[in-house]
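Trainee: Residues per chain are reported as follows:
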Amino acid sequence: MRSLLLLLALVLAALTGSLELSTSGISAIAGEELSIPLTVSNPYTFSLTMPLQYSAPAGFTGWFEYSGLRVNSLTLPPGESAQLVFHLKVPEGAEPGRYRISLRAFGSRWIELRVAEPEEFVVALPELRGVVMEAGDKVELEVELRSLVSTPLELEVSCTTPPGWRCSSFYGESEVYALVLRQGAGKKLRLVIESSPEADVGEYGVELVLASSFGRSSMPVGVRISRTHRGENGSVVLKLLDREALPVPSAEVLVEESGEVYHTGQEGETVIELPPGRYTLRVSKPGYQARNLVVEVRAGKRVQEEVVLKRRAYYVELTAESPVVSRSLGAKPLFRLRLKNMGYLDDEYSLRVAGLPPSFYYRFKEEQGAEEGLSVLYLRGGEERTLYLEVVPPVSAEPGEYRFTAIASGRWRAEENLTLRLRGEYRLAIEPAGGYLSFASPGEAAELRAVLRNTGRGGTLTSVRLRAEVPEGWHAEAVPEEVPSLRPGEAIPVVFRLTLPADALPSEYMVKLRAEAEQSSAEAELRMVVRERGGAALAGALIILVTVAGLALLYRRLGRK
Amino acid sequence: MSLLVVAKKEFAEQVGSRRFIVLTLLTMLVVAYALHMGLRIAHQSMRAEVLQLFIGTGNAVFALFGAGLGLLAGFDLITREREQGTLKVLLSHPVPRDAIILGKAAGAFAAISLAVACVLAVATGAVLIYGMPLSIEELADVAAFGGVTVIYIFTYFSFGIFASAVAKSSGTALTISALLLVFFSAAVPVAGELVSSRLAGEPPAPPVYEHRVHEDGSAALEVVAEPDSQAMRAYEQKMAEYMERKRRISAIFGLFSPVYNYKELVRYLMAERTYGSHAEVLNRLAGFVAMPAVFFTLGYVRFVREDVV
Amino acid sequence: MFLLITRESFKYCSFKAYRVIEVEELCKSYGSLKAVSNLSFSVKEGEVFGFLGPNGAGKTTTLNMLMGLVVPDSGRITVAGVEVVEHPLEVRRVAGYLPENPGFYPWMSVLQNMLYFADFYGLGRAEAEELLELVGMAGHSHRKAGELSKGMRQRLALAQALLNDPEVLLLDEPTSGLDPEGAAEFRELVRRLSREGRTILFSSHILPEVTEVCRSVGIIHRGRLVVQGELKKLSKMRGFRVVVETQPPLPQEDAERLLGRFARRIERRDGSYVLDCPEDTRASISRELFRHGYAVTEIHAESPSLEELYLEVVRGSE
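Chains as they are written, first to last, in the numbering used here: chain A, 1 to 561; chain B, 1001 to 1309; chain C, 2001 to 2318.
Just so you know, these hints were derived from the structure itself, not from any lab. No experiment lies behind these values; they were computed from the predicted model shown. Take the hints with a grain of salt, since some may be wrong.
[Unchecked claim] Computed list of lysine to any residue pairs in SDA-like fashion (alpha-carbon distance at most 25 Å, straight line):
hint, chain 1, residue 1, chain 2, residue 2
1, B, K1168, C, E2267
2, A, K89, B, P1204
3, B, K1008, A, G550
4, B, K1168, C, V2070
5, B, K1008, C, W2107
6, B, K1263, A, E140
7, C, K2144, B, T1086
8, B, K1008, C, G2122
9, B, K1008, A, A552
10, C, K2144, A, E95
11, B, K1238, A, A552
12, C, K2232, C, S2040
13, B, K1008, C, G2146
14, C, K2150, B, R1082
15, C, K2144, B, R1082
[Stated by the list, open to error] Derived coverage of chain B by chain A (criterion: at least 3 residues anywhere in the stretch with Cβ under 8 Å from a Cβ of chain A; other residues may be distant):
hint, stretch
16, 1078-1090
17, 1147-1161
18, 1242-1248
Ideal placement from N, C-alpha and C gives every residue a C-beta, glycine not left out.
For reference, chain A alone in the conformation it holds in the complex (with noise of 0.2 Å):
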């Protein structure tokens, strides 16, 4: 009796299973191991032991876990399940395609396996292919590598380079050799590659290599060196301070022998590169005495030189922040200056603008919020301060270039020429001419008609370029691929031409038309329906209707009443 309830419950558990598996499908890599769990469970009421079998192509081997232990066969009592995990070794020369496995414990399953070709363990994007750089230079490149394997990849991280260039990998700050990717998760790898200074110009190879017991994968990086610095001399790093060793800045520094003129900056360096040999050196500030130097230029190599100026009695500096400022039409530009008082004397300074057209409006101000204006200013020795010059065109002042001078006078007199870049309102839109929405069918060419329009005030914009986002497969092509300039105010119609695939499925898909000119960009976004190909459905449909309706007659005329 007892054996014949086993029987039918033999019978119904190979009906109905009583072995679950998460997944009926997996991929995998010749040599790859793969664990996958598995629950099986005893639904009778009785105690059961079932040996857990599988069984696959020839090759293949694979064990039962549970709880850590490799077993062969499982008593359950009644109502009990466990977790088991099967684990497989696919081998090493097995051939891509489909494989099945099937499990056995109290029912079957089976899981359909496709192993693919063993390169495919790992995939690295975007797939860069060259990049283009001066010898000596850095370039910092993104790498997304994603596992194609299901178990967890163990990876090694490395590069190859030509002789004297540099490459490593960062993830984050830190500097990275080896890594483990989990299926699915990609990790983002900065890879950065310093070409040697001595590299000529020409085509080098780098490559980023991943080794994993599965094999090794790399990602070739083509780096085009477009300029040598091979046979270049060394430089002079030429520093000036003064008698409280403070930097001199803006200090003019004469090479006597080739008549070339530098400055300092504002750290009072400055770096004078020179073909090897010797050199003098005529360093002179206003406000301060002039010194000579004499240097010795060395092929390859930075010569650092200190060099003290001493001060006059009264030399006042006026210097601007950024002498150029660049402003859209209907803003107030503020240049940020600095009058320094450079003698060790005191004195008092009277601040004026020369130069600005008579209809544009000018003050000085101590803060930059400040309200009230400032016409003179008193200076100790040595004392430097900050001011603001806020300029206010008219509300009709045309885009343009205004060249004016800053002027501080006391006992002596600085001036410093300013720009004042007054910019046009670029402002660019791109509207559908058609709405928001449209329909197009796969295969077909659908036109989507937009005006592209200068909304802004004053600003001409220059080399608009079109273009259209499309989903992956799609074509698309915009008419005309560039304007050339659109004054303010001006609207002109374009159009986008998309090819849709033939297998394009029927649904709503998002296209993005994008315009980008030189000063401003516009996009606008619509939904396209796609629909099914007009006649295909019409002939689908009719494909049905005649096969029911001829269905339908032949039962009429052959059917019993």
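With chain A held as given, fit chains B and C onto it using these hints.
Mentor: Same frame as chain A, but now just chains B and C:
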């Protein structure tokens, strides 16, 4: 000549019967529904292999409904003539007996082909309505699928006509044909499993280290050797040989299962041709075609030899 | 319909009586059951032959063998000059058969059924309708065969049997199950067909209808032909039954001694004797009795009916 007359009438009778029209329409509905669901999923993923979808859904439906259609079309073809008393009348005219049974088969074959063609036409229409493009090659594959399906259904028809020729009454014929159906679609595969297990011998025993029982009694298990041990490798080698031996034997039994043959052939058609060698597919095709041929021939011989009117 | 007397029937048209059906030493058994044994009979051209016998006598088996539907174990059958065992299909071309309890496709109309069978001869709607008209089914040609009454079904069966314009018509119990009126109408149809010159084998287990329709009869029982001949001759051949009553009553031994030479059989019945005599010998019998001192109080002769004969035959061979 008289064969054609019988075939014509038989076709009319099959197509005009309620069970034929109901089964065909039902199959159409189920196939259309399956396609609808499949296409919705395909929509979400934006890419679809039309043919896989098309044949994949049709396959399961046809496997079930086809068996019913074939069986019901065949099981009472002769017994009903006998019960109605029409066989006596028919035979009193100069109609050779083989023309009667061949005509019946031809008529039923035409009707089955019509049903399959109609269902496939509706499915094609549905696919077209959904806007999935169908290439000529795909259409050819669908037609090949239709051909295989017709043979599949005809297999069950041959069970039916065999039963009808052997049995004295329609009831018995239905029982016999249902038994044949169960035998070939359930008993043969199970027997294949049993026989292959028996013939392949005992599976090699894995090297067992210990027998463990969980403290809470939730499971008892045999723990085997470590994966990479010498013993385990030897076992795996033996196991692989054993499985291959067993697979070969059960494949022979598989040749006698119409459903199994049908599904394998359809899978082969779906360009998943990695499942077996070319020779294996040809064998399968031979087994697939031989089954209806054998049963039909048995029924034919029985009917032609039979004396009693 | 008059064009029916053509072809084969014309071929054999001769002045001497041609035997359209000839059966010689026919045997057929199913297992241990001898369905037909050593059956021989013949039917002449134009004759309506009554094939008489109780149910299970082997009538249907014989008819099936005549149509080539059942292969005999031994014996020879010729129907309209066709050797049946060797050419079963040929027989069906020249003979029409109305089987016992014929069936039709219930879901087809009367006409459709006819057309189906007509198709085997390459005949069309015109012929089918003509035959339906002949059997009086023209008004029902669009009814489903499944709705027909028994009588209509028999007529339809007759119509389909006539499709090939047969020279010989085999009717197996054509009136069984019909109401008396229907049976009479059917017999009238048979007579009409006979007048057209067809040879008809009319199988039945009911004597009166055979005597009404047939000129000659064969009585079959348990697979054997017991009697065959023309109806008139059969009755005569049977002789007379003489009933005698005497005073004083005749003892049994005297009856046999005195009357044995006149009668084939002597039977005592309620004090009188019934004698089976080949001839009417009443005068001789009464003279003989008188000579031996018995007064004849009653003597009469009766000619037995075919029915009695049939029953007697059936009983006698038991």
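Trainee: Give a verdict on every hint.
Mentor: These are the hints, each one checked on the structure:
{"no.": "1", "hint": "K1168/B <-> E2267/C", "verdict": "51 Å, violated"}
{"no.": "2", "hint": "K89/A <-> P1204/B", "verdict": "19 Å, holds"}
{"no.": "3", "hint": "K1008/B <-> G550/A", "verdict": "17 Å, holds"}
{"no.": "4", "hint": "K1168/B <-> V2070/C", "verdict": "18 Å, holds"}
{"no.": "5", "hint": "K1008/B <-> W2107/C", "verdict": "15 Å, holds"}
{"no.": "6", "hint": "K1263/B <-> E140/A", "verdict": "54 Å, violated"}
{"no.": "7", "hint": "K2144/C <-> T1086/B", "verdict": "15 Å, holds"}
{"no.": "8", "hint": "K1008/B <-> G2122/C", "verdict": "14 Å, holds"}
{"no.": "9", "hint": "K1008/B <-> A552/A", "verdict": "18 Å, holds"}
{"no.": "10", "hint": "K2144/C <-> E95/A", "verdict": "66 Å, violated"}
{"no.": "11", "hint": "K1238/B <-> A552/A", "verdict": "61 Å, violated"}
{"no.": "12", "hint": "K2232/C <-> S2040/C", "verdict": "21 Å, holds"}
{"no.": "13", "hint": "K1008/B <-> G2146/C", "verdict": "20 Å, holds"}
{"no.": "14", "hint": "K2150/C <-> R1082/B", "verdict": "18 Å, holds"}
{"no.": "15", "hint": "K2144/C <-> R1082/B", "verdict": "19 Å, holds"}
{"no.": "16", "hint": "1078-1090", "verdict": "violated (count 0)"}
{"no.": "17", "hint": "1147-1161", "verdict": "violated (count 0)"}
{"no.": "18", "hint": "1242-1248", "verdict": "holds (count 4)"}
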